[in-house]
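Student: The chain contents come next:
2 protein chains.
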Amino acid sequence: MTFAEKALTPSNMNRISTAALFLAAASAPLFAQTPTPTPLAVDPQVAHLRDDALANDEYAWDITEGLTTEVGERMAGTEAEARARSWAVAKFKALGFTNIRVDEFPVATGLRGAESAEILAPFPQKMFVNALGGSGLTGPEGVTGEIVAFDSVDALRLAPDEAVRGKIVFVDHRMTAAQDGSGYGQFGAPRREAPSYASEKGALAIVIRSIGTDHNRTPHTGVMEFKRGAKPIPAGALSIPDAEQLQRILKRGKPVTMRLRLQGQRIQGKSGNVIAELPGSDPDAAPVMVGCHLDSWDQGTGAIDDASGCGIVTAAAKRIMDQGRPRRTIRVVWFGSEEIGLFGGKDYEARYAKQPHYAIAESDFGADRIWQVDSKLGKDRLEEARMIGAALAPLGIVTNSFEEAEGSDIGDMITAGIPAVGLSQDGTRYFDIHHTANDTLDKIDLVQLRQNVAAWTAMLAVLTGPIEPLKPNRRRGR
Amino acid sequence: MTFAEKALTPSNMNRISTAALFLAAASAPLFAQTPTPTPLAVDPQVAHLRDDALANDEYAWDITEGLTTEVGERMAGTEAEARARSWAVAKFKALGFTNIRVDEFPVATGLRGAESAEILAPFPQKMFVNALGGSGLTGPEGVTGEIVAFDSVDALRLAPDEAVRGKIVFVDHRMTAAQDGSGYGQFGAPRREAPSYASEKGALAIVIRSIGTDHNRTPHTGVMEFKRGAKPIPAGALSIPDAEQLQRILKRGKPVTMRLRLQGQRIQGKSGNVIAELPGSDPDAAPVMVGCHLDSWDQGTGAIDDASGCGIVTAAAKRIMDQGRPRRTIRVVWFGSEEIGLFGGKDYEARYAKQPHYAIAESDFGADRIWQVDSKLGKDRLEEARMIGAALAPLGIVTNSFEEAEGSDIGDMITAGIPAVGLSQDGTRYFDIHHTANDTLDKIDLVQLRQNVAAWTAMLAVLTGPIEPLKPNRRRGR
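So the protein sequences, as listed, match chains C and Y.
In terms of this note's numbering, the first sequence opens at residue 120 and continues consecutively.
In terms of this note's numbering, the second sequence opens at residue 120 and continues consecutively.
The hints are simulated quantities; they were obtained by calculation from the structure and are not laboratory data.
Everything numeric in this text was worked out from a predicted model, so none of it was measured.
Certain hints may be false.
Identical copies look the same in the list; a pair holds intra-copy or inter-copy alike.
Below 20 angstroms or equal to it, Euclidean Cα-Cα: the simulated EDC-like pairs (lysine to aspartate or glutamate) are [unchecked claim]:
| # | residue 1 | residue 2 |
| --- | --- | --- |
| 1 | Lys245 | Glu198 |
| 2 | Lys245 | Glu189 |
| 3 | Lys245 | Glu234 |
| 4 | Lys389 | Glu523 |
| 5 | Lys389 | Asp222 |
| 6 | Lys245 | Asp561 |
| 7 | Lys320 | Asp280 |
| 8 | Lys350 | Glu319 |
| 9 | Lys245 | Asp291 |
| 10 | Lys473 | Asp291 |
| 11 | Lys370 | Asp181 |
| 12 | Lys373 | Glu184 |
| 13 | Lys590 | Asp531 |
| 14 | Lys373 | Asp181 |
| 15 | Lys465 | Asp162 |
| 16 | Lys370 | Glu189 |
| 17 | Lys245 | Glu184 |
| 18 | Lys370 | Glu177 |
| 19 | Lys373 | Glu189 |
| 20 | Lys370 | Asp561 |
| 21 | Lys473 | Glu281 |
| 22 | Lys346 | Glu312 |
| 23 | Lys473 | Asp531 |
| 24 | Lys370 | Glu184 |
Extracted from the complex, chain C is given alone in its bound form (with noise of 0.2 angstroms):
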């Protein structure tokens, strides 16, 4: 996931007034806003579906277990994103689905090199750092420089350019984990506005405390762009202990003095986005396109980020699949390059969203279990988003709103209004891991990760439409 989507909008705002609604009703029941809905029949197929899927899955776990696994990690634009879309491709084909074909489009991107962090004075140390997304890259010999340490975006942003200049930046903004990612928005920012504040400022370089929640010493990289006029400098990111290092040191009163070394190299690469369909019985009715993004940062395997995703969406279609002909087509798209720009996102609306889609959804928050759903469906599809609600009810997930939801690849083509669902993960644990080298197959959860595919094929069985049975010599091999 990238911050686009978890940034404090005005859809975000609205979420947390409706909780503050429904606390309020709690003590007040008959507040008048407060939804009632009336029970609706689940189509007995749609049940069988999700509780098929629930109980049996295996389709989501060898999706993610074989791209973290044959391929590992999937950075954009490289050329090991490219050995993940020809593995997405022979996947695709042996799960029998149909129309796959191969987006391409151009991209910049960045490989890593050597990356140290080393306080030379008052307390000579090793601190594990790596290199945001479109740093600046030092030499070998790396910078030199003594810390100025700020506790939060504006402090830094207020700063006189004479603190800053010349030395090296220390944000230090610390993550509090919440269940719905929320956080991401409001504690992204270090990395995302500070890095630009530095440089314009004077200052030599940057160093974060890591946009997560864990105490392990893997620091979380993830996507800055230095605005417009700001010179790139190197902008780092440093493990949670150390980050608290660093203070502890600070506290200490004497001048801190750290040498920060991030090489790299910048390339021209090439990525795409991975397209396959399950064909409708209905040539007229517009597709379903679920999606998740097949790059990953660098360092881990990308499991739960986002690996568990595309397991999860095309297990949901292949589970529709083995029952039968849905009346409307099933697209998959499993995008490029979403970690630096969003890119693959951004190729599929250019190329497709003229085209009418029925709906639109994304997995891309890890693999732990769904707890609520979202739906931006129009107002004359409001008793299909509460039959998606009804059907996804036995699985522990509660239904918000009728009138959002949300998507990292998708977001802006929900902005622009094509239909879509939102089916939230439990993101407690997902920034202990998210964009470090932690994000390994371990973490994946099979239990969980059979809930979230239930609750996709389900959503998926509600809204493709019935299903024509196969015919005995017609089903295709698992």
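Given the coordinates of chain C, work out where chain Y should sit on it, guided by the hints.
Tutor: Then chain Y, alone, in the frame of chain C:
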């Protein structure tokens, strides 16, 4: 902690038998050997010292925080360990200890260089590795070979030489967390023994699954020594997620090629023990010696291993100092070079073991709560041993044995018959962190740290005899 004190020794076997007896006793209350202690009255001074430490101790945190912040890692035999000795001397002085001295001794040690492990085929990707202490070294190009995998040290030992020759051995041996840390003896074998077997069979190099219980990309180092006649080969530990990834890659059934680079250098260094005393009122009474180790591995800051141990034992002695003058001298020893071969303990033993010691004890298993006390004070001091148990019982500490005690640096002295006490800490999460970059201050829980200090203070108060209160003008500064 090194492996030595947690190996499956006869003393451990006894402990297991004792536990079995207790279990048997539960269903057979008349079982003859079941200990049935009667409650002992705890001296009010001892109880006060204990309870005050539990509620208020700051000394242990201050030492742990200071040593890990102002020195950081303290690899045995290096300049960093020398800085740690200077820090220790200054700290002992500031706390009011006397007879402060440094006993120096020479050690052979290693400095870590660039390290990497890379799967070249069939699925190219990088893995997280570090060299074990005592590993052979590679040049910058590393060594490249096919992986041959074994599930256990025995499987490697029994393999024909031709299966191993010219290859990189991988030993995957899973450690399970145990509260008492006893798994370290059994599960540590891949690190201690496998490199020698691999070398003797002509392997190019060896990588083991880290001896640990976490799922972070932080490999666990630790000491290892090649058997006489076995040529040192590069020997590394993969992080646990990487070892599991390698297993998955191997299961695809294709030959797996790895390039392993473990650079570094061997140096002849200087180490030393830092010793300080709180003199007792009776010059003829043998002292009580309490210890910890000052050195740490090089990637973390040695917070749980073993800055907190030094914090705990020193805080306990200081709290008695604050109360007055005990009958017996308390000698605090911060051992050097524990990690690379228990050299501090050996130096102390050579210099002082022939002098009388009333009791010895060491804290070297993190800072989580103490749950059990053992002692080996001798048959004529059973009442005193029971009194220690009575003083610790309100802290939730159970008395186990009167015939055994453990300690890393002091293990040989205990075996040689010097009276000893062992306070066992909860080790459930110890091997998540042990010998990794993650061994940092944030892993220390202040509440549990204080429980440790309370136990050590009470134990010391029982052993050192009545404390003569300070006259107001003789109060030593905090």
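Student: Take the hints in turn and mark each one as holding or not.
Tutor: We went through each hint and held it up to the structure:
1. Lys245 to Glu198: between (32 angstroms within a copy, 14 angstroms between copies)
2. Lys245 to Glu189: between (33 angstroms within a copy, 12 angstroms between copies)
3. Lys245 to Glu234: both (11 angstroms within a copy, 15 angstroms between copies)
4. Lys389 to Glu523: So Lys389 and Glu523 fail the 20 angstroms test inside a copy (33 angstroms) and across (66 angstroms) alike.
5. Lys389 to Asp222: Classified as within; 10 angstroms inside a copy, 62 angstroms across copies.
6. Lys245 to Asp561: For Lys245 and Asp561, the Cα distance is within 20 angstroms only across copies (17 angstroms; inside one copy 28 angstroms).
7. Lys320 to Asp280: within (5 angstroms within a copy, 64 angstroms between copies)
8. Lys350 to Glu319: within (7 angstroms within a copy, 57 angstroms between copies)
9. Lys245 to Asp291: within (18 angstroms within a copy, 30 angstroms between copies)
10. Lys473 to Asp291: Close neither inside one copy (44 angstroms) nor across copies (53 angstroms); limit 20 angstroms.
11. Lys370 to Asp181: between (50 angstroms within a copy, 14 angstroms between copies)
12. Lys373 to Glu184: For Lys373 and Glu184, only the inter-copy Cα distance (17 angstroms) is at most 20 angstroms; the intra-copy one is 49 angstroms.
13. Lys590 to Asp531: neither (40 angstroms within a copy, 77 angstroms between copies)
14. Lys373 to Asp181: Between. Shortest inter-copy distance 19 angstroms satisfies the 20 angstroms Cα cut-off; intra-copy 54 angstroms does not.
15. Lys465 to Asp162: Classified as neither: same-chain Cα gap 36 angstroms, cross-chain 76 angstroms, threshold 20 angstroms.
16. Lys370 to Glu189: between (47 angstroms within a copy, 11 angstroms between copies)
17. Lys245 to Glu184: between (34 angstroms within a copy, 17 angstroms between copies)
18. Lys370 to Glu177: between (52 angstroms within a copy, 18 angstroms between copies)
19. Lys373 to Glu189: between (49 angstroms within a copy, 12 angstroms between copies)
20. Lys370 to Asp561: between (38 angstroms within a copy, 16 angstroms between copies)
21. Lys473 to Glu281: Intra 51 angstroms, inter 64 angstroms, cutoff 20 angstroms: neither.
22. Lys346 to Glu312: within (8 angstroms within a copy, 56 angstroms between copies)
23. Lys473 to Asp531: within (13 angstroms within a copy, 79 angstroms between copies)
24. Lys370 to Glu184: Answer is between: at 12 angstroms across copies they meet the 20 angstroms cutoff, but 45 angstroms inside does not.
The structure does not agree with the numbered hints 4, 10, 13, 15 and 21 stated previously, though it agrees with the rest.
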